[in-house]
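Visitor: Now for the letters of each chain:
Number of protein chains: 2
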Amino acid sequence: MSRTELTVLKIGGSVITEKNGELAARTAEIDRLAGEIRMANVKSLIAVHGGGSFGHPTAQKYGIKDGLKEDSQKLGFSETHHVMTVLNGLVLDCLIWHGVPAVSVTPSSCIYTESGRIKHFDDSSVKALLKMGFIPVLYGDAVLDLKQGFTILSGDQLVSSLGTQFNAERIVVGVDVDGLYNADPKVEKAAQVFKHLTLKELRELQSKLSTPTSRDVTGGMFGKVMELLPAVEQGIPVIIVNALVPGNISQALEGKHVEGTLITKE
Amino acid sequence: MSRTELTVLKIGGSVITEKNGELAARTAEIDRLAGEIRMANVKSLIAVHGGGSFGHPTAQKYGIKDGLKEDSQKLGFSETHHVMTVLNGLVLDCLIWHGVPAVSVTPSSCIYTESGRIKHFDDSSVKALLKMGFIPVLYGDAVLDLKQGFTILSGDQLVSSLGTQFNAERIVVGVDVDGLYNADPKVEKAAQVFKHLTLKELRELQSKLSTPTSRDVTGGMFGKVMELLPAVEQGIPVIIVNALVPGNISQALEGKHVEGTLITKE
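Those protein sequences? They're chains P and G, same order as listed. Numbered according to the working numbering, the first sequence spans residues 1 to 266. Numbered according to the working numbering, the second sequence spans residues 1 to 266.
Treat the hints as calculated values from the structure; they're not laboratory data. These numbers were taken from a predicted model, which means no experiment stands behind them. Just to be clear, a hint being listed does not mean it is correct.
Since the list gives no way to pick one copy over another, a pair counts as held whenever it fits inside one copy or between any two copies.
Derived lysine to any residue pairs resembling SDA-like cross-links, with alpha carbons at most 20 Å apart [said to hold, decoys possible]:
| hint | residue 1 | residue 2 |
| --- | --- | --- |
| 1 | K119 | M132 |
| 2 | K65 | R117 |
| 3 | K147 | V86 |
| 4 | K69 | G116 |
Between the sequences and the hints, there should be enough to build the whole structure, so can you do that?
Guide: Structure, rendered in structure tokens:
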């Protein structure tokens, strides 16, 4: 399958929301990132953002990820989806204000999962938007699930699915640290960034970093990276960069070298 | 096909937004209506709202209904869809605050049209939400169109499609006047409400009221009613009531008699 000119961009929830505080958006960061996306002027782009302090606390409060167990969770599902649409609205506000022809696509309206994994994705809207030169914007969302009623679909699973489905040229992942570290950089001062990892090296790391008995020592980043494995296996390079550093996202989108972690098949 | 216990509720954009003024929501009305929906506690409900001063001025400014003719319209499409998601967000805010397990379903994410008519509707999300006891909330939206790039999908076409597809027990339409009049009640003081119309009477009216050479003398309401014809033909009664009168929507949802226009097949 030949590569397309499509880039899939993921912006982590931790970049666009305050970690401490519920429903606290970093509107200045969102605005700057919208400007960077405008500036990069990529030919074909899908953007996905995470939930940060919008999605996570609400989803956790009602146990949405583990599915419907009691009726009282239903309003929690409504609320979790709703707060994600609010965060998405702030992102779209900034993109449109910057002149980016972005159109939000609501995951829960066209995707359902089975035991937490995407089972059905009516991608006709994403496909048509891309063809017309629009930038579809999706997000981690509370979605319906065939087995457990509902669950949380992470932005990372969505990115991997979109990347492989549309055979992207590359995936750019913007996070709030400098890449994938060998330890949690927010705790370990000596933690070091992996500059380049192959699929083989990543798999070797997997057995070291995330055995069932040990917690994810990279501060949660490794689990997110593992979601992107199907895309890497398909030959799509993944570049993880610090989206809080001005210029990083626009340069990564333009294909310029940016400090971070590059993950390739070989 | 036997009737289900499903009610489809349409709330006109003129009810929940100020006509004079762009992007001006009547939040007090939205809040009251959310409370009425809560109070009615209908077993199975789909709600649809119009765009009013959110959707219409933006759509008109960029000529979205007539399709993509020049590149500059693209940002207009983005904007039109975005302002509709903002209005929908205000509606969902109120519904959830009132304890209604409502979940917004984004029309443009699961529907596309051909020459302005629904061609594809992935209704798996609406179906699953209903089955789980959620209230799916949809709205008039800027959608993609196979023939003309994009267009506006009216809330009325959506209501008719949902009503027939799910074989609703009835359709309740909330507007800002007392029903369907024989003249524009906002202009003609002597205008009279039709209390009951059959399909045959409606068709007779059609030739009188909306010949190609005459404008819609009912103030635009007749065109909206004609959108609901497929549902009426399928035997689904349509009740048009004044949603600005407190109690009307909750009573109509409960199946109680409310002054307005009843349209039935026979």
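Visitor: Checking each numbered hint in turn, tell me which of them this model violates, lowest number first.
Guide: 3
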